[in-house]
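Produce the complete structure using the sequences and hints provided.
If you're matching them up, the sequences are chains Y and R in order.
Under the working numbering, the letters of the first sequence match residues 1 to 239, in that order.
Under the working numbering, the letters of the second sequence match residues 240 to 655, in that order.
Don't read these hints as lab results, they were simulated from the structure.
Treat the hints with care, as some may be off.
[To be verified] As a list, the in silico DSS-like pairs of lysine-lysine whose alpha-carbon atoms are at most 25 Å apart:
id, chain 1, residue 1, chain 2, residue 2
1, R, Lys385, R, Lys324
2, R, Lys423, Y, Lys126
3, Y, Lys64, Y, Lys126
4, R, Lys292, R, Lys623
5, R, Lys245, Y, Lys85
6, Y, Lys118, R, Lys245
7, R, Lys245, Y, Lys137
Chain by chain, the residues:
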Amino acid sequence: MKKVIITEDILKVYNPKTIPVYALRHVDLEIESGEFTAIVGPSGSGKTTLLNIIGGLDSPSGGKVWVNGQEITAMTDSELINFRKDNIGFVFQAYNLIPVLTAKENIEFVMLLQHRSKAERAQRVKELLIAVGLEDKQNSRPAQLSGGQQQRVAVARALAASPAFILADEPTANLDSKSASNLLDIMLDMNFNEGVTFVFSTHDQRVIDRARRVITLVDGLVDSDVRRPPIYLPLNNPL
Amino acid sequence: MSIILKMAWRNIWRNRLRSSVVIGSVVVGIWALVFLNAWMRGMINGYVQNAIKNEVSHIQIHHSAFMEDKEAKYFIENTDSLLNKLKKLPGIEAMSSRTILNGMLAAARGNIGVRIIGIEPQSEAKITGLDKKIQQGSYFENIQSKKVPILVSEKTAERLKLTLKSNVSLQFQTLDGDSRIGCKVIGIYRGINNRTDLITVFLPQHQLNKTFTGSSDSSISALSDISHEIAIMLESTKLLDETKIKIKALAMPYKTEDYKEIAPDTALMESFIEMGLWVIIWIVMFALVFGIINTMLMAVLERYRELGMLMSIGMGRASVFMMIVTETIVLSVIGAPLGMLLGRITVFITHKQGISLSTYSEAMRQYGLSELIRPETDTAIYWKVSIAIVLTAIIGAIYPAYRALSLRPADAIRKI
Ligand SMILES: Nc1ncnc2c1ncn2[C@@H]1O[C@H](COP(=O)(O)OP(=O)(O)O)[C@@H](O)[C@H]1O
Ligand SMILES: [Mg+2]
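Right under this line is the structure:
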């Protein structure tokens, strides 16, 4: 399988000059295309830090990161922004969406940044809205959507740019359990049927149960890395 | 680009109150700007028109040395034939020739130095409306006395304790020596400028010329129709440049000048309009720019996470910068048309009615300003104001946009 993410001996120290915090220590990881990976661990264990570094939002204090075969730790700031736009989809815990744009416009936004044609954008927005089950909400602004619906739009937005993988930092943290499972079903379904690679952090057991690979961080160190069959499968599982 | 405009527009309405304060300030600022400029323009145009109507007319012809040193020997010969030629030109409303001498007005209570102006009463009335300025007595009508009739100003009458029928004498240099004319005050006038009023007296030109040129019989003297000044009033100030050229050609070798050359204060005043406009623009825009910066900075800080998210998902720094700048410009510019419209309406109404400053009329008269001001604008002010407000917006946008750019996505996202 193609390796979409490789990290090599990642070190991250916050405030190195004052009160150093070792958020990540010697993290070596390889994530392959099509994986559905959960990064778990107690609060403060370094999950967000790791995702930020993999996503090129933050730079490590030491070590290297390759995404899609390109070394992102060697890129300049503006190269990184461009790279993120075309290669990485992000789903954050909250504030994912542009409040002044409708669901449809939010999904379309990155494609506009990519200068895709109008027809292509329209086609893809339509498909994604159907995939996340929000065709009827396409003209709603984020404030008019529930938390679960907002996260589904965020997933659709992240996918719109056709990235190599999607990074989701605790995507269900603010959701009730029904919305959370609903979101997870959608993600899992996309993973199964479209081969979309997901890397997400969580400490939500329902999310962990659906993952096929679970990487556990403790105090910035990889404590365990387990591949296993998922406990849940998507409802419309073709297998 | 259109998405940036769309976002900018919608972002403005996220905090209606705050945006409305900025928009309102822009409306008021621009309204004040347009009106103040129109006020100034009205006041200055009033001054210039006053000067044209009462003193300098549109165009004057002199002997080329006369304006330098106002000596009596620099006169125009054959005034009548020149006037006849000029009469045929289009666009001329009235003309008046004047003989101008420096002399001394002597009365029982004292003497003052005066400018003695010999006029042809009918023409002068048409040019400066001198006949309408008579406060007491009459304007060279029904003259029975053998003495030469003279008009003095209220100020002069006050100073020398003169009344109607007072006898005065004028002393001045003639072409061949000194002379003195005995005059009788037949009218007391009030001009527009107290200072020049005091030292100006009028009498009929043919009588003044007779003494000045020493020709007892005016009909046979070649010098009987001399003058020092021909004042020409045009049908409209707009005709100034084209008519001036034609007059110049006819009046050669004498010197033809327009009111801006004769009374440089009018030209200076006209340049004040432009200068004043920029001063007002500076003040208004300076005040606005702080409100704009403040509002946009708050907007940026409030949207810190959102901006971090936008940069995370691939919105480039240039686009973020453009987004903030666009938002600032749109915010600053929406109020402008309304401000201009209100300004226009205010100017329209006040122009029609005129703003009376009669409370200050004495002070205004000191400076030759009229007490009724009619504000007026020209169209150029609207685009000048438009450019100024856009520039203000851009200046106001720079710091907030810079703050937006300097955020680090990872930090901004952490705040989630
Ligand atoms: N900007 C920062 N400055 C200093 N310390 C930080 C910063 N961000 C995170 N940390 C610290 O780094 C460690 C890892 O944090 P984080 O990656 O957020 O963990 P998790 O997402 O697993 O809760 C924690 O001890 C946290 O306090
Ligand atoms: Mg975290």
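| query | Is it true that the CA of Y/Lys118 sits at most 25 Å from the CA of R/Lys245? | reply | Holds, because 17 Å separates the two Cα atoms, which is no more than 25 Å.
| message | For a C-alpha distance cap of 25 Å, please report whether R/Lys423 and Y/Lys126 respect it. | response | violated (102 Å)
| query | Does the alpha-carbon distance linking R/Lys245 and Y/Lys137 stay inside the 25 Å limit? | reply | holds (20 Å)
| query | Straight-line Cα separation of Y/Lys64 and Y/Lys126 no greater than 25 Å? | reply | Roughly 38 Å between the alpha carbons, so the hint for Y/Lys64 and Y/Lys126 is violated.
| query | Taking only the CA atoms, is the gap from R/Lys245 to Y/Lys85 under or equal to 25 Å? | reply | holds (21 Å)
| task | Starting from R/Lys385, check that the Cα of R/Lys324 is at most 25 Å away, please. | result | Answer violated: R/Lys385 to R/Lys324 is near 34 Å, above 25 Å.
| request: Quickly compare the C-alpha distance for R/Lys292 and R/Lys623 to 25 Å and report which way the hint goes. | output: Roughly 31 Å separates the two Cα atoms, so the pair is violated.
Of the numbered hints listed earlier, those contradicted by the structure are 1, 2, 3 and 4.
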